Amino acid sequence: MRRDEEGEIMIGDSRFSLLPFSIKISEDEIMSKFDFILSFQHDLNLNEFSCTINASLDLFNAETVSIIAQRLQTVLHQQFTSFNSQTNKPVHELSLILSNERYVMQSLNNTQISFSSSLTCIHHEFVYQVMKHPQKLAVELDEQSLTYCELLHYVQILSLTLLNEYYVFPGDV
9 MRRDEEGEIM IGDSRFSLLP FSIKISEDEI MSKFDFILSF QHDLNLNEFS
59 CTINASLDLF NAETVSIIAQ RLQTVLHQQF TSFNSQTNKP VHELSLILSN
109 ERYVMQSLNN TQISFSSSLT CIHHEFVYQV MKHPQKLAVE LDEQSLTYCE
159 LLHYVQILSL TLLNEYYVFP GDV
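Here my numbering is used: position 67 in the sequence shown is 75, and no number is missing along the way.
In case anyone wonders, no lab produced these hints; they're calculated from the structure. Being a predicted model, the structure only gives us computed values, none of them experimental. Ideal Cβ positions, reconstructed from N, Cα and C, are used throughout, including at glycine.
Cβ-Cβ distance ranges computed for the label pairs, FRET-style:
hint: 1; residue 1: E133; residue 2: L171; range: 18 to 26 Å
hint: 2; residue 1: A77; residue 2: T155; range: 44 to 52 Å
hint: 3; residue 1: T72; residue 2: Q120; range: 29 to 37 Å
hint: 4; residue 1: K97; residue 2: E133; range: 38 to 46 Å
Could you build the full structure based on these sequences and the hints that come with them?
If you want it as structure tokens, here you go:
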């Protein structure tokens, strides 16, 4: 990497130059040419890498910019602090999910229910729910719904049909 007299940086055959992204309107006022600017800087002397985000407050609120910054930090952390720093992960393998969002997703996906007894069968638990909440909605699809009591009724009809007409008995399936 070398820097030429115009302030351009050459890396191999590639030339990088700094483009002005703001216009000085007056002594006290500077106008940005872009609504969102993400700039990176590497200080070779201190070996520090920094990032600056400039965003138009007319389009972005501070919370949105903060979340974008957190996601960028998460991606950079995944890419550059992996156990094997020589491995370059493809961008599609990096996660944009923040740790607090991951926690919410895990808590929403934790659907385990502890039953009163480990020997209780699922159909016994279902009948228990029917007795406990007969009028609560058990199933809903599009504009149709069934209460626990109605669902039990249809389940019993189906089980009798399987037993009497199709000769399906416990243990066959």
